[in-house]
Amino acid sequence: MKTFIFAVTVFAVLHSSCHAAGTEKGAAAKPAAPQFTGYTMDKDYFSCAIPSGWRLEREKARDEKYKIYEIELIAPVVRSPASASPKSAPKAGLQAAAGSPTAIYVSYYAKDNADFSGYKDFIERNSANILGETKNERESYSPVKQIKLNGRAAFELSRAKLAYLHPESKSGESVKLKEKLYVLPAIDGFYVLHFTASAAGFQKSLNIFEKVAGSFKGKP
Amino acid sequence: MSGTRFFRRVLPAAAAAWLALCGFRGPGFCLTPEQETRLASYETAISKGDPAAAEEFLADKPVISALSETEPQREASLKARAEALKDLKELLAMSWDDSNANSLNLALTIRMDAGKPLSMVGVGPEPEKLLSWLKKYRPDYPVEKIEIVKRAIRQWKVIFGRMHGPRSISWGDVEKDEGVKVVEADWLTWTLRERNAVIDRLVEEGGRFQEYGGAGRKAEIKKQALLRLAVTKVMRSGALSPQQAAQLHDKSLTEQGYLLGSFFDGSRIAVAPDLKLVINAYRKPLPKEVLPYREREVLGAMLNTAVSKELAGTRAGEKVLAFYSGGAKLKLSVLPIDLTYSGYDGASGTITLDSDTIQRFMQMKGCTAASLMKNEEQLRAAAKYLSPLVVYEAGHQMRDAWAKKKVLYNPQVQESEIEAMSLEALYLGEKLKKDPEFAKLLKDLRLVSNYAVKRLEIAAEFSASGSKKFASMVRQRYFAELPSIDAASAQILEAVAAEQSRRSAMKAEARAELESSALSQEEALEMTPEEIYGAAGEIGTPALEKLRKDMTDLGPYKNGYEAFDSEIRSGTKSAKTGSFVKQGAPPIL
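Sequence lines, in order, name chains A and B. For the first sequence, position 11 (counting from the first letter as 1) is numbered 11 according to the working numbering, and the numbering increases by one without interruption. For the second sequence, position 488 (counting from the first letter as 1) is numbered 1488 according to the working numbering, and the numbering increases by one without interruption.
Hints are not guaranteed to be accurate.
[What the hints assert, rightly or not] Label-pair distances were calculated between CB atoms; the ranges are:
1) B:S1325 - A:K219: 45 to 53 Å
2) B:P1336 - A:Y105: 35 to 43 Å
3) A:L56 - B:E1526: 40 to 48 Å
4) A:K65 - B:G1326: 34 to 42 Å
5) B:T1032 - A:D188: 48 to 56 Å
6) B:P1273 - A:A200: 32 to 40 Å
7) A:Y105 - B:R1193: 30 to 38 Å
8) A:K65 - B:Y1293: 45 to 53 Å
9) A:G38 - B:E1481: 33 to 41 Å
10) B:L1131 - A:D188: 42 to 50 Å
11) B:E1318 - A:K65: 21 to 29 Å
12) A:A200 - B:L1188: 53 to 61 Å
[Unchecked claim] To give an idea of the chain A side of the interface with chain B (calculated C-beta under 7 Å), a few residues:
13) Y66
14) I74
15) P76
16) A114
17) P167
18) S169
19) G172
What the hints contain is simulated information worked out from the structure, not anything from laboratory work. The beta carbon of each residue, even a glycine, is placed where N, CA and C say it ideally should be.
Just need the whole structure built from these sequences, with the hints factored in.
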């Protein structure tokens, strides 16, 4: 039955993405919508649709040790021909120092996980910087929103930041990131869906993240 | 062959041959015929770079154990290659994308150099060999991952594009032999280290290669822009006297910053504190802000006590203090360091703090060398500012002391950086929560101090990610250029096996001469894996044997890292590093 429900969910996601593409026919030609396949985590902790062109990574042994079961989905690299041109290089020096990853993490934090006391702890530690600030020259956190995700209670967090690449050296190399997270409380722990990308690439893949989130099924 | 015939004829003959060869030494001291067959199969496959065979061999304890008794050099050599292949497989399985392709480049540079274990199995030193290896053993990797690898190995087409005609680039005056001409044919034969050296040179020349390096230059440009803005604002503010304004006229930005710093010194010029901070931070130091040699020595000793006071009262700090009260000594010195804020020297057991970082702190806080050592408040502020570095380096010292106690080699690897950075992050999180002065100091100085911003970021990343993701971040984002313990082991075993083999072929006289001037075990154990790799020929035979033994059995190391990791894990939850003053945290809507 679970499998059936999951299959229906994946179908619904695919159908909605096809429908969305269909409604945009009149617009300028866009890249084909990505295909999705189903993924189910060990012990049925969660399932979701994952974009087929994206690379899936997992550290199973560490998951067990930390009681944090997660997958990382890495976006395919699209390099436009113009990206090699000096004119297209970002003007802000810090942005040019490195690109940014586009990735989606889908994680289940078991009740006895090693890192967070619960979803409230996670939200507290991810909705402001270490000084409790929500805005400064390098970071900006949006207010936490209480939402419904696939019919269940969830929290939405979003933030933008510049992150240093070499904190123990004098190098100033940084990367500019934009992130969106959904936190879903559960009886035995909580779930996190986390999307991270460069400021420039964020919007481009946000719909993929939303489709993954839209297909997400976790334990109650 | 029928089963009966096999048991009657072949088996006894094989057993007799085996007994004759092994001299009745018993099981565990000689390879059985089946083990010999497996070994031969491993050797063939590993020599072709097969990672699956490498893993099978590393898991085949009976074969490894028997081989280490009979042919330790052969065992070390094969193990080194197998470890290197396993490590390469794990390295490439990690998340690599556009953002960290430069980190992958560093990681591959140390692994694929000439003579390294990977080169012995056909994965290097020519970087393009990695692509053939991936095609053969990881055909499942998507095109975009292969593209990242091509970028990381600095493939000619990726770096220079599809150039037509003579594919060459140059700098300087080639005709006058002042530059170097680079052609694609040469490029294909160069190692990653050589390619990187050329790219670094091109980055210095400017142009379109900035994305492959040059971050330091960009940071410098940003600093200059901020300084220029601050200087202009002060000059237009009307706060300067006509004489002072005249002195600044027609001067370079560097001179203007320096002069303004000297005007501010001890005066009451009405300038916004932020502008003053920017100018003081980015200008050249005044003579009295420079720490001379003798004063650096005294300051190091004074900071010893002052920093210890700062560490008290936090879990990570108490762990460091317990370490120093249990036999180890905290020895701080102040010296100029080129690239980093601090360093730990295992030979002398000294933690060095970068004198330029301290001088910049003095400039920002309006201290002089003399006042810093006389004024208790200024010294306390400096100790607070520098204390995270001491915790970080103490993490290195703890691992070093552990290795010395167990008489083991302590390689500089990613795992030790994960320990040191996690300890520092734990300390920062708790200190920010418990010590408002410390939080205010970092908060105030972050406007002009990358060091302060970085400390806050380390704490924030650790708090938000948790220890699991933070460890991956250290490995992948912060220290990709270091080898993992598995990679270090592979490199060292390969170098040692090759050197032992060379020495066994040497004449007694030549060997005695070599041993008479070779590096001692004590000296060898202080070397990094890279240094050992490059200088195995200079290391004494007993030290080589010691390194071989230590790097063959990684169990104690992995147990040690796991024990530390487990302690950090337990500290993450109880310390609740992210719960510092949340007045500004956004409300839940």
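Each hint, compared with the structure:
| no. | hint | verdict |
| --- | --- | --- |
| 1 | B:S1325 - A:K219: 45 to 53 Å | 47 Å, holds |
| 2 | B:P1336 - A:Y105: 35 to 43 Å | 41 Å, holds |
| 3 | A:L56 - B:E1526: 40 to 48 Å | 42 Å, holds |
| 4 | A:K65 - B:G1326: 34 to 42 Å | 28 Å, violated |
| 5 | B:T1032 - A:D188: 48 to 56 Å | 50 Å, holds |
| 6 | B:P1273 - A:A200: 32 to 40 Å | 35 Å, holds |
| 7 | A:Y105 - B:R1193: 30 to 38 Å | 34 Å, holds |
| 8 | A:K65 - B:Y1293: 45 to 53 Å | 48 Å, holds |
| 9 | A:G38 - B:E1481: 33 to 41 Å | 38 Å, holds |
| 10 | B:L1131 - A:D188: 42 to 50 Å | 45 Å, holds |
| 11 | B:E1318 - A:K65: 21 to 29 Å | 25 Å, holds |
| 12 | A:A200 - B:L1188: 53 to 61 Å | 33 Å, violated |
| 13 | Y66 | 4 Å, holds |
| 14 | I74 | 5 Å, holds |
| 15 | P76 | 4 Å, holds |
| 16 | A114 | 4 Å, holds |
| 17 | P167 | 4 Å, holds |
| 18 | S169 | 5 Å, holds |
| 19 | G172 | 3 Å, holds |
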